[in-house]
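Keeping their order, the protein sequence lines are chains A and B. Per the UniProt record's numbering, residue 1 is the first one in the first sequence, and the count goes up by one each step. Per the UniProt record's numbering, residue 1 is the first one in the second sequence, and the count goes up by one each step.
All clues given are correct.
The calculated lysine-lysine pairs, modelled on DSS-like cross-linking and capped at a C-alpha distance of 30 Å, are:
(1) A/K77 with A/K38
(2) B/K14 with A/K23
(3) B/K32 with A/K38
(4) B/K98 with A/K114
(5) B/K32 with A/K41
(6) A/K38 with B/K14
It should be emphasised that the hints constitute simulated quantities derived from the structure, not laboratory data.
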Amino acid sequence: MATQRVLPQSKESLLQNYNKRLKDDIRSILDNFTEIVKTAKIEDETQVSRATQAEQDHYEMHVRAANIVRAGESLMKLVSDLKQFLILNDFPSVNDAISLQNQQLRSLQDECDKKLTSLRDEIAIDLFELEEEYYSSSYSQWDSTDLPLCEAYRRRDSWASPGSSCSSTQGDREDVEGPPSQETNSQHHLNGHGTSSIEKP
Amino acid sequence: MANERLRALEEVEKEIATILQCAGNIVLELSKDKHNASLLDRQLVQFQGSVNRVESELSGQIRYLTQVATGQPHEGSTYSARKDCQMALNRAEYAKVKLGELGRTCETLKPFS
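The shape of chain A in the complex, shown without the other chains:
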């Protein structure tokens, strides 16, 4: 025997109600249809006149047909309620739907990030060259606090070997205290001119 599950009273009574509705509606359809077919049979002997009997049979068939239609609509309502109950309470399928949706969203996110990463790598190369071209041109108007990418790479190389690049080009001030002072000195170095920091076309 399958393990007995203790459902909350509301859910259990709800499902019992569904069962009852199903049985009642199916029974109603079958009984009313059977009675219609029986009533369709023409009998020779009737208790009332033929016209009265025909009228009575006609009315009875109308009512039974309406009962069949009502039972059919009640069955449709039952199906709708079962669909709603299934969506809300069928946990295995809800879990499957959630995990499938999560999987699809994550794969979309991974694909998006992968493409952005490859785009970043491609653009970094082009951007490096663009920056070199721009900041070494006579039309650049860069701010002294804005560090271009090529300069950042140069500085990183000079930090790796401190006696190599920047200090050798300095004239007056040689405060070799580290990166901040090298930044100040490099203004003069970068523009390609003597002492002025801002270029004018």
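On the provided structure of chain A, position chain B as indicated by the hints.
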């Protein structure tokens, strides 16, 4: 799995319509002076088959729900994955905007090169 059960219930709805259709056709045929016996037989077989199928399918669904229903609300959601995906799409959109600006800048600087 959920879609299969919902699809089965949609088929049940069609079967219910078939039941009413067959019942109407049978009564219509009986109302004629001369009945087509073969048509009556076919419609009756179809009517009975549909009724049995509807009853068995709905009973099966109710039995399944009796086994799986817990009475507790389901607390799972796809919110976090959806949010992460939305952020990824926002990143892509932002990158597109920035690339557009870069492209326009390059176009502007072209006459000077």
